[in-house]
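Residue numbers (the numbering used here), protein chains in the order written: chain A, 203 to 566; chain B, -17 to 279.
Since the hints were made in silico from the structure, they are not lab data. Please note that a few of the clues may not be correct.
To be verified - Below, computed lysine to aspartate or glutamate pairings styled on DMTMM-like, alpha-carbon distance capped at 25 Å:
id	chain 1	residue 1	chain 2	residue 2
1	A	Lys538	A	Glu507
2	B	Lys274	A	Glu372
3	B	Lys79	A	Glu372
4	B	Lys187	A	Glu310
5	A	Lys445	A	Glu495
6	A	Lys421	A	Asp316
7	B	Lys187	A	Asp378
8	B	Lys274	A	Asp481
9	B	Lys274	A	Glu408
10	B	Lys187	A	Asp237
11	A	Lys363	A	Asp237
12	A	Lys394	A	Glu372
13	A	Lys363	A	Asp378
14	B	Lys187	A	Glu325
15	B	Lys187	A	Glu507
16	B	Lys187	A	Glu346
Unchecked claim - Examples of chain A residues lying across from chain B (beta carbon under 10 Å, computed):
id	residue
17	Pro246
18	Ser247
19	Arg284
20	Asn311
21	Leu503
Claimed, not checked - Cβ pair distances, simulated, as ranges:
id	chain 1	residue 1	chain 2	residue 2	range
22	A	Asn221	B	Ser213	26 to 34 Å
23	B	Phe185	A	Ser348	28 to 36 Å
24	A	Asn221	B	Leu119	45 to 53 Å
25	B	Tyr171	A	Lys220	49 to 57 Å
26	B	Phe185	A	Lys320	17 to 25 Å
27	B	Asn167	A	Asp237	47 to 55 Å
28	A	Thr456	B	Lys79	24 to 32 Å
29	A	Lys220	B	Phe89	51 to 59 Å
30	B	Asn167	A	Ala379	23 to 31 Å
Note that the structure is predicted; figures quoted are calculated from it, not measured. Using N, Cα and C, we set each Cβ at its ideal position, and we do this for glycine too.
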Amino acid sequence: MKVTLQNLTKIFPGRGRKNPQPVRAVNSFTLEIPDGKLVGLLGPSGCGKSTMLNLLSGLLEPTEGRIFFGDDDVTGLPAEHRGVGLVFQNYALYPHLTVEQNITFPLENLRGKDRLTKAQMAEKARQAASLVQIQHLMERKPGELSGGQQQRVAIARALVKMPRILLLDEPLSNLDARLRLQTREEIRRIQKQTGITTVFVTHDQEEAMSICDLILVMKEGDLQQMGHPQQVYDDPANLFVAKFLGTPPINTFTGTVRSGGLYLGQQRVLEVGEVPEGDVEVAIRPESFVPEETGPLTCGLDRVEVMGRDVSALCRHGSFTGETFRIIIDADDRQKLTGSTVNFRLKPNKVFLFRRDTGERIRF
Amino acid sequence: MEQNNRKAWLYLLPAMAFLGAFLVYPLVDVLVYSFEEGFNFASQTCFGIGLYNYRYVLSDPYFLQALKNTLILVLITVPVSTGLALLISLGLSSIGKLRQLYQTIFFLPYVTNTLAVGLVFMILFKKTPYSDGLANLVLGLFGAAPVDFISGPYWAKMLVLSLYTIWIVMPFKILILTSALAGVNPTYYAAARVDGTGRLRIFTKITLPMISPTVFYLIITGFIGAFKAYSDAVALFGVDLNAAGMNTLVGYVYDMLYGNSGGYPSYASAAAMLLFAIVLTITCINLLVSRKHIHYV
């Protein structure tokens, strides 16, 4: 099911004397999520991701704007009539019911012509359970399951009604690192298998990058950028997006553009062509640095860390915004990192310029 | 280990000494008294040992009346007060504005003196030569003949006593239930809403099981409290409860101890043991029945 948002806005009124300012949790979203995609809603804590999810699910009513599932306007429709499956961050499994009862719970609510017999419900529950591979746990209570298993039960419960849209709120945040990797693959597999348009909220950019067809980056209620993960990574719209994506994080420098060249300190490090002259924020991906004797950028070398596949080094430079910054180079270039200073050439497609005042991208 | 054990017993000693002296010893003593025929406090003597006290008490019409009154009171007030308290708590937890105010109002009876409230109930329900009382005034609007609720027919007196007891015990239950309801994680309700669960089903399938330990606690303590009813009856009908036909089991025990300027401690002990046995049995049944329906998370 295609999801279309038109000018969607949610404002929470200010509360009391301490917080009199109303909060714009979601600010004028207009976008279209194509059918059958896995979409990651990405942003730091408090950026309005969960509010967005609750607007989609119908648990919250928007202040302004419209939501369409396919061609249906569902804006005024309460949650129960939207046909969404929602997986909560804490799973919200009913602790007094068995796994099977939890999964059949949504089915038992069906009335009228949709009403199912006990046998039909059991069959549907079995199908949902086998999709997430928990058939053997049907008689257990949620308290007797591990975090990962509870997660699967929650997904099965959300899927059993064959929702038009599946929504997941921070689905991996309660799992340990290993399980997180495993479960995110699992979510990807389940989504592919069912073909249900899925939106999941996360603050972990790696998670979103690894499994999503599309990511939406949010900050303080505003949509920053939407696109395929690789495309957003390679072509960030602003400084925030550039900083938010990538591990290790992007390195930011203060630089100047003069006569078609980018200067870091006194060194002309890159030819940028037709760019208005003046001070700029420069963001350089760690993998952009190539050690070369004749390279234009000279950095101090603090420490080299070998991580097997590639080599990471901590460097210093006068115009870097922090103390030291991390670069990643090919393991073959390891021997070029010697002495107390190293010269680098920069890969131009991994260097981004941003306006000082607004953080907007300056393309070159 | 041995050392630890000795220390543990030492720590427990003060509590055990108090409980032993003021709880276990009297309990055993009452049991002994109940088998001693014609025990006399002053001379500390008795005529003999046997079941005579029980036989006497069980054939005493006053005791049977008290037993009947108490059972009716228990069967009416426990379910009604718990049910009503649940309804009111649900209402309280679903309103936003004025919630604090209502919570305070509903809690007020708890801090009010039993006898003072009894007086107010008298004014509401008593029929005197000068006035029929407020209750009769209201009933009169519907064309009913005035009834004396305080010294009139049995059902009327029982009705007032039940109303009074319910009114007195509800605040505590409301307090406990409101906090139990507040303790239910709201995401359960959100999850149920997304799945299209009706309000009634949310209540029976989610809310009630979630607060079932609290409800169970209130039912058990409610039963025990209602079986021990006494002061409520006194507040409404005065100290001569036998004459009013409104005595309770505890009232009977009290009368046997202090009535007739000397008392019958043996009969009182036998009646007290019977009360103890009844409460114990009911509590055990409660525990057994509830095991299936209570969900401790």
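| said: So, against the hints stated earlier in the document, which numbers end up violated here? | reply: Of the numbered hints, 2, 3, 5, 6, 7, 8, 9, 10, 13, 15, 17, 18, 21, 22, 25, 27, 28 and 29 do not hold.
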